[in-house]
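Asks: Let the sequences and hints guide you as you build the complete structure.
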Amino acid sequence: MKVKELNSFDDFLKDENIFDEVQSYAVKKVIAYQLQKEMEAQNITKTKLAELMNTSRACVNRLLNPNNKSLTLNTLECATRVLGKQLIITIK
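Last residue of the sequence shown? That's 237 in my numbering, and every number before it is there in order.
None of these hints come from the bench; they were simulated from the model.
This one's a predicted model, so the numbers in the text were calculated from it and none came from an experiment.
Any given hint could turn out to be false.
Between beta-carbon pairs, the in silico distance windows are [stated by the list, open to error]: (1) K182 to K214: 32 to 42 angstroms; (2) K237 to S201: 33 to 43 angstroms; (3) K193 to D156: 39 to 49 angstroms; (4) L218 to T190: 16 to 26 angstroms; (5) K191 to L232: 13 to 23 angstroms; (6) N188 to L232: 14 to 24 angstroms; (7) L232 to Y170: 18 to 28 angstroms; (8) E185 to R226: 10 to 20 angstroms; (9) N212 to L158: 15 to 25 angstroms; (10) I163 to E196: 31 to 41 angstroms; (11) L151 to N206: 36 to 46 angstroms; (12) K149 to K191: 43 to 53 angstroms; (13) D156 to S201: 40 to 50 angstroms; (14) Q179 to K237: 26 to 36 angstroms.
Pairs of lysine-lysine residues, derived as PhoX-like cross-links and limited to a Cα-Cα distance of at most 20 angstroms, are as follows [to be verified]: (15) K214 to K174; (16) K174 to K230; (17) K173 to K237; (18) K159 to K191; (19) K182 to K230; (20) K237 to K191; (21) K193 to K237; (22) K191 to K214; (23) K149 to K159; (24) K173 to K230; (25) K191 to K174.
All C-beta atoms in this analysis are idealised placements derived from N, C-alpha and C, irrespective of residue type, glycine included.
Replies: Here you go:
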């Protein structure tokens, strides 16, 4: 049996046909982490963030849940704005 040579972890993920799924999850996890850290730094609870965003706590829970892929740019922009931050998206 011939073993396929893979040069990187990305190659492995692509070979397993899960690269896009893993990449999407990683991005969402980083976004959720950054928002949570900023909330902690400002002593803002999920309930308070929801109030500031004029939305429900359930929406904030979805925003901060790395497993939930229903994040919209509008929601993300609103969250960053009420936290006094700027959303910057780069396409490489």
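Asks: Against this structure, judge whether each hint is valid.
Replies: To see whether the hints hold, each was checked on the structure:
1. In this structure the supplied range 32 to 42 angstroms is violated for K182 paired with K214, their Cβ-Cβ distance being about 21 angstroms.
2. One distance hint, 33 to 43 angstroms for the beta-carbon pair K237 and S201, holds here, with the actual separation near 34 angstroms.
3. Between K193 and D156 the Cβ separation comes to about 44 angstroms, which falls inside the hinted range of 39 to 49 angstroms.
4. The hint said 16 to 26 angstroms for the Cβ distance between L218 and T190, and at roughly 24 angstroms that hint holds.
5. Between K191 and L232 the beta carbons are some 19 angstroms apart, a value that agrees with the proposed interval 13 to 23 angstroms.
6. Between N188 and L232 the C-beta distance comes to about 22 angstroms, which sits within the given range of 14 to 24 angstroms.
7. Range check, L232 to Y170: Cβ separation about 20 angstroms, and the 18 to 28 angstroms hint holds.
8. With their beta carbons about 18 angstroms apart, E185 and R226 fall inside the hinted range of 10 to 20 angstroms.
9. In this structure the hint that N212 and L158 lie 15 to 25 angstroms apart at CB holds, the actual value being about 18 angstroms.
10. At roughly 38 angstroms, the beta-carbon separation of I163 and E196 lies within the given 31 to 41 angstroms, and the hint holds.
11. Distance hint for L151 and N206: a CB-CB separation of about 37 angstroms, consistent with the stated range 36 to 46 angstroms.
12. Between K149 and K191 the beta carbon distance is about 45 angstroms. The supplied range of 43 to 53 angstroms therefore holds.
13. Between D156 and S201 the C-beta distance comes to about 42 angstroms, which sits within the given range of 40 to 50 angstroms.
14. In this structure, Q179 and K237 break the distance hint of 26 to 36 angstroms, their C-beta atoms being roughly 19 angstroms apart.
15. Only pairs whose Cα atoms come within 20 angstroms are accepted, and K214 paired with K174 is accepted, the gap being roughly 10 angstroms.
16. Under the criterion of a C-alpha separation no larger than 20 angstroms, the hint pairing K174 with K230 is consistent with the structure, at around 18 angstroms.
17. With a C-alpha separation of about 17 angstroms, the suggested pairing of K173 with K237 holds against the 20 angstroms cut-off.
18. Only pairs whose Cα atoms come within 20 angstroms are accepted, and K159 paired with K191 is rejected, the gap being roughly 36 angstroms.
19. For the hint linking K182 to K230, the alpha-carbon distance of about 12 angstroms falls within 20 angstroms, and the restraint holds.
20. With a C-alpha separation of about 32 angstroms, the suggested pair K237 and K191 falls outside the 20 angstroms cut-off, and the hint is violated.
21. For a cut-off of 20 angstroms, the pair hint linking K193 to K237 is broken: about 35 angstroms separates their Cα positions.
22. Distance restraint check for K191 and K214: the Cα-Cα separation of roughly 19 angstroms lies within the 20 angstroms cut-off, and the hinted pair is therefore satisfied.
23. Distance restraint check for K149 and K159: the Cα-Cα separation of roughly 13 angstroms lies within the 20 angstroms cut-off, and the hinted pair is therefore satisfied.
24. Simply put, K173 and K230 have alpha-carbon atoms about 18 angstroms apart, close enough for the 20 angstroms limit, and the pair holds.
25. A C-alpha spacing of about 17 angstroms is found between K191 and K174, which places the hinted pair at or below 20 angstroms, so the restraint holds.
Of the numbered hints stated above, those contradicted by the structure are hints 1, 14, 18, 20, 21, listed in ascending order.
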